[in-house]
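Sequences listed follow chains D and F, in order. Quick note: the first sequence, position 112, residue 112 per the UniProt record's numbering, numbers continuous. Quick note: the second sequence, position 5, residue 5 per the UniProt record's numbering, numbers continuous.
These aren't lab readings, by the way, just hints derived from the structure by calculation. All values reported here derive from a predicted model rather than from experimental measurement. Mixed in with the good hints there might be a few duds.
Said to hold, decoys possible - Selected chain D positions facing chain F (in silico; Cβ < 7 Å):
1. Ser16
2. Gly22
3. Tyr23
4. Ile27
5. Thr29
6. Arg90
Glycine included, each C-beta is placed from N, C-alpha and C at the ideal position.
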Amino acid sequence: MIGNDLVDLTLAKTESNWRRKGYLNKIFTIAEQEIILSAAKPDEMVWTFWSMKEAAYKIHNRKTGVRNFAPTKLACWVEFAGNNITGFVRIDEVIYFTETSIFSDYIHTIAGCCFEQLPEIKTSIYEWPNNEFDYKKLGAGCVSHHGRFLALVY
Amino acid sequence: MTNEEIINKLKPIIVTYAPASESLDNLNENSDFIKDLNINSANLVDIVLDVEEEFGITIDNESMEKMLTVKASIDVISAKLQAK
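Could you put the whole structure together from the sequences, leaning on the hints where they help?
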């Protein structure tokens with residue numbers, strides 16, 4: 001099972017004000033908040049953690065059938081390597097491995113149940129809805145849509 | 001506060017974050033924020049924060065976990081109001 005999540009950074013800027021009082025506390029662990037607040041680009045860090053949580057949750061939700069909104073229970077660890085961030089997300093006692101790519105317009109995270117799975121994941125990103133087509137036919141392993149972008153992973 | 005009073009105060013908060021749709025026009029207790037109303041999951045937190053302000057309550061993370069539908073939100077709000 002694989003997961004993915006894309007954040008359109010332009011839309012995120014207008015749609016969410018993470019600086020709002022109480023916002024960070026409801027979504028991020030204390031450790032994540034410290035990394036966000038000391039980051040050179042805090043916006044990118046917010047959406048990196050968010051997309052990691054979402055990508056991992058999409059696998060966990062399918063695996064367990066549990067549906068809830070408990071973002072602080074999805075704890076992220078990250079390792080920086082240029083524009084790519086590898087890491088993992090712990091949900092209860094389960095670990096999901098992630099890789100996040102940061103671009104000027106969007107942030108995209110892929111997630112898998114083991115680290116070896118990540119290099120095998122193929123990603124297709126489309127401008128949306130400019131190139132609208134029936135993506136369901138493609139049988140992607142996970143779909144993420146936000147703002148101007150659609151991301152499919154196989 | 002009755003469920004009807006709660007839903008009347010809740011509606012304008014939801015409308016702020018939900019794109020226009022038929023489901024939004026037919027908003028009811030069974031509406032699911034993400035599946036039916038197409039609300040971005042990052043905005044669920046905004047709904048929770050707005051609810052805290054509007055109703056003068058604090059919603060702990062455990063209660064927030066359940067707030068994926070209008071019905072579940074009414075239950076959480078009503079319990080918090082009673083505990084006040």
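Here is how each hint holds up against the structure:
1. The restraint placing D:Ser16 at the interface with chain F holds, with a minimum CB-CB distance near 5 Å, inside the 7 Å limit.
2. Using the Cβ-Cβ criterion of 7 Å, the hint placing D:Gly22 at the interface with chain F is satisfied: the shortest such distance is roughly 5 Å.
3. With its C-beta approaching chain F no nearer than about 6 Å, D:Tyr23 sits inside the 7 Å limit, and its interface hint holds.
4. The beta carbon of D:Ile27 is positioned within 7 Å of a beta carbon in chain F (closest approach about 6 Å), and the interface hint is therefore held.
5. A least Cβ separation of about 11 Å between D:Thr29 and chain F goes past the 7 Å threshold, and the interface hint is therefore violated.
6. A least Cβ separation of about 16 Å between D:Arg90 and chain F goes past the 7 Å threshold, and the interface hint is therefore violated.
In this structure, the hints that do not hold are numbers 5, 6, in rising order.
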